[in-house]
Amino acid sequence: MAEPGKSFGLRFKAALADSFLGGIIAFALFSFVLGLRTVDSVTGLTLQPRPMLLAVAVGTVFFGRLLLNLFVWQADHPLTTPFAKLFSAEPFDRRDITVLGAAALLSALGFVTAVILNAPAYQLIAVVLPVFIGLGLLRRQIVQTFPDLPYARIFITCAILFALFFPLTSFGLEKAFNLGLPLRYWFDLSILVLTYVMLGWGLNIVVGLAGLLDLGYVAFYAVGAYTFALLATYFGLSFWVCLPIAGLAAAVWGVVLGFPVLRLRGDYLAIVTLAFGEIVRIVLLNWTEVTNGPNGISGIPKPTFFGLPFSPFGDNTFSAFFGIKYDPLQGIIFLYYVILVLALLTNLVTLRMRRLPIGRAWEAMREDEIACRSLGINTTVTKLTAFATGALFGGLAGGFFATRQGFISPESFTFIESAIILAIVVLGGMGSQLGVAIAAVVMVGGFEALRHTDGLQSFFGEGFDPALYRMLLFGIAMVGIMVWRPRGIIASRSPTILLDDAKEDLP
Amino acid sequence: MSEALLKVDDVTARYGRLAVLHGVSLDIKQGEIVALIGANGAGKTTLMMTICGRPRASQGHIVFNGQDITQLPTHEIARLRIAQSPEGRRIFPRMTVMENLQMGAIIADDPEGFDKDLERVGALFPVLKARADQRGGTLSGGEQQMLAIARALMGRPKLLLLDEPSLGLAPLVVKQIFEAIKELNSQGLTVFLVEQNAYHTLKLADRGYVMVNGKITMSGTGQELLERKEVRAAYLEGGAALEQGGQK
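Chains as they are written, first to last, in this note's numbering: chain P, 54 to 560; chain B, 178 to 425.
The set of hints was computed from the structure by calculation and includes no laboratory data. Built from N, CA and C at the ideal position, the CB exists for glycine as well. A few of these clues could be false.
Unchecked claim - What follows is a set of in silico ranges between Cβ atoms, one per label pair, in the way DEER data are often shown:
| no. | chain 1 | residue 1 | chain 2 | residue 2 | range |
| --- | --- | --- | --- | --- | --- |
| 1 | P | R316 | B | Q400 | 39 to 47 Å |
| 2 | B | S363 | P | F208 | 20 to 28 Å |
| 3 | B | Q353 | P | T222 | 28 to 36 Å |
| 4 | B | G265 | P | A472 | 28 to 36 Å |
| 5 | P | R206 | B | G265 | 36 to 44 Å |
| 6 | P | L236 | B | D286 | 36 to 44 Å |
| 7 | B | Q207 | P | F208 | 36 to 44 Å |
| 8 | B | K359 | P | A472 | 53 to 61 Å |
| 9 | P | R405 | B | D310 | 16 to 24 Å |
Said to hold, decoys possible - According to the in silico footprint, chain P covers these stretches of chain B (three or more CB under 8 Å from chain P):
| no. | region |
| --- | --- |
| 10 | 270-276 |
| 11 | 287-298 |
What the hints assert, rightly or not - Among the chain P residues that face chain B by a calculated CB cut under 7 Å, a handful are:
| no. | residue |
| --- | --- |
| 12 | R426 |
| 13 | L428 |
| 14 | R546 |
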């Protein structure tokens, strides 16, 4: 923090010392990671030093830290304050306006330079700051003009409407931005995102509401998928029969897992659930007679529109029944609505359950298990229902996954899936339905967007594949959220009951 | 003599191999305030938890209202209307005051009567009414203690177990809470009070027990115990002097 009494000279000295230390640490870390490169040569592996790259990395750390120290961390008036003020109701003073104005002016200069030099990537970068400031000012203006609007509700309504009319909106978006992506791509992506939204909401019951750290959620996803696949391929049962059975089978396994871990909490529970996830995967891998082992199960039938298949051939098909021309998109749009309904169902059930005694008991158990027992709550039943309900939705999502893919193998159910779903729940803010949905969209959709950021190639050079940096960005996002929003994107838990009825509940 | 509401008979309890209670016997009659005092680590809290079934008594019997509850699981004991305000309060910090009270009302199992119970508890602790929509964790220590008691009361208990309600609270708040206990008792509630604050507790209680190293060493009416030399020496002289100093 800034010490007002300190002279600039003293502060500069401290900042310099700190940055120097940062530089040394950066040097120690980067000298192996960036400074040396193993090259395959005639004599075997040799080390090739890369001093320039190392110097750039260390220099960036040193000067970056120096600037941050001088103008943000140790400064009397940190340069970041005006930007933070954009998102609060605090009035601006002259200094803030100067800083924001200067930032906008610099960006404009940068933009003009980029246009002259014909560098579109830099143009994009130059626009970021003014857009950020503009949005902040706009938000401020709206909030000041209509302070009492239920913003969260409006946002949720818009999001649901957007999802409901996605077939139209995606068409519009594609036309407006002309991204050159086929409509089918948009649907596949949104189906993927919605699957993760549903999985996040399902796990949210176990982790967010009941407070039971489950690292093996993917096991239920797998049980659902395999139940669906086996029933559909061996017995030829239809989608609408298989799906609920898949969910129920997963719920049963939720109870089966629940029993041995009743007495466990926190880390220990996490370890056992992690093991459970692996056990399920390994059984699927090795029980070749039933699951076909690593080769997986293929030929899982697609869902039918209440008995009418989506197919170009035959008389009793969806297109023939409604007298429209067959289009492969019809089946995909149907899948989209199935997962949308499933996800919304998960959300609805969770919201309802939170108001029921059992949902209350989940939340109370997360807070204090001992107090729960002394209030007459049967914690055994409470835990098992939490596991079973969470697993039910995991299983439904798994069944859907099986029918959408048409092919499943144990490879789809590795630990990384559990980790991603858990990350969605934690980053979204445990217990917050909206936060989990936002996190799922950002994590799954955001990484997908990386594939289409061609502009970056002109910035980092040809052959730069942003999708390769997925995990790096994932880590940075994780660290960033934990630093700035340690309780998740939406941190506050909304009460299920308020004395003053005028206040609205948030999901 | 009327039949005891709660009868603890020769109870031994242990954590693993370590026995904490050695053959403890006491009884609480309908409408009484019974106090249990003793030093740190004497086993007071363990006795209270053993009544609630955790740890289970390894020997002896606990009889409530004519029913042997020694082997019942905790939540079923609670459903017999034994409410507990546990040590360290243990309110639900992220839930609002109102939700905390709703959790307490589960035992009462009477949604129609909820508002009436709420009214009664609100009259006892008006501050909770004002803070109904606030999260439990944002309350002060005294308010949290009040909430813990109020939550226990929402289940309409026949017996209220209070574990150290004065722990870490300002003298004024302690006074308030003890007055509330008195008020509840005058409405007919039976109270079992575990305390280190011996002076206040014994003044309030009809009868008291003194526990040393897991055994009951003395019992008698509150007044009797207050006058006993051993009690004064062990629990009161220092404390009473502090009290008087504090009240000046």
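Results for each hint:
For R316 (chain P) and Q400 (chain B), the hinted distance range of 39 to 47 Å is satisfied, since their beta carbons lie about 46 Å from each other. For S363 (chain B) paired with F208 (chain P), a C-beta distance near 53 Å fails the hint of 20 to 28 Å. Distance hint for Q353 (chain B) and T222 (chain P): a CB-CB separation of about 59 Å, inconsistent with the stated range 28 to 36 Å. Take G265 (chain B) and A472 (chain P): their Cβ atoms lie about 35 Å apart, and the range 28 to 36 Å holds.
One distance hint, 36 to 44 Å for the beta-carbon pair R206 (chain P) and G265 (chain B), holds here, with the actual separation near 38 Å. For L236 (chain P) and D286 (chain B), the Cβ-Cβ distance of about 55 Å falls outside the hinted range of 36 to 44 Å, so the restraint is violated. A hinted range of 36 to 44 Å for the beta carbons of Q207 (chain B) and F208 (chain P) is inconsistent with their spacing of about 57 Å. Taken as a hint, the range 53 to 61 Å holds for the pair K359 (chain B) and A472 (chain P), whose Cβ atoms sit roughly 56 Å apart.
Between R405 (chain P) and D310 (chain B) the beta carbon distance is about 21 Å. The supplied range of 16 to 24 Å therefore holds. Residues of the region 270-276 of chain B with a Cβ under 8 Å from some Cβ of chain P number 6, which satisfies the need for three, so the listed coverage holds. Restraint check on the region 287-298 of chain B versus chain P: 0 residues with Cβ-Cβ distances below 8 Å, three needed, restraint violated. The beta carbon of R426 (chain P) comes within 4 Å of a beta carbon in chain B, closer than 7 Å, and the hint placing it at the interface holds.
Below 7 Å, beta-carbon pairs count as interface contacts, and L428 (chain P) has one with chain B at about 6 Å; its hint therefore holds. Here the hint on R546 (chain P) is kept, as its CB sits about 5 Å from the closest CB of chain B, short of 7 Å.
Hints 2, 3, 6, 7 and 11, counting from the list given before, are not met by this structure.
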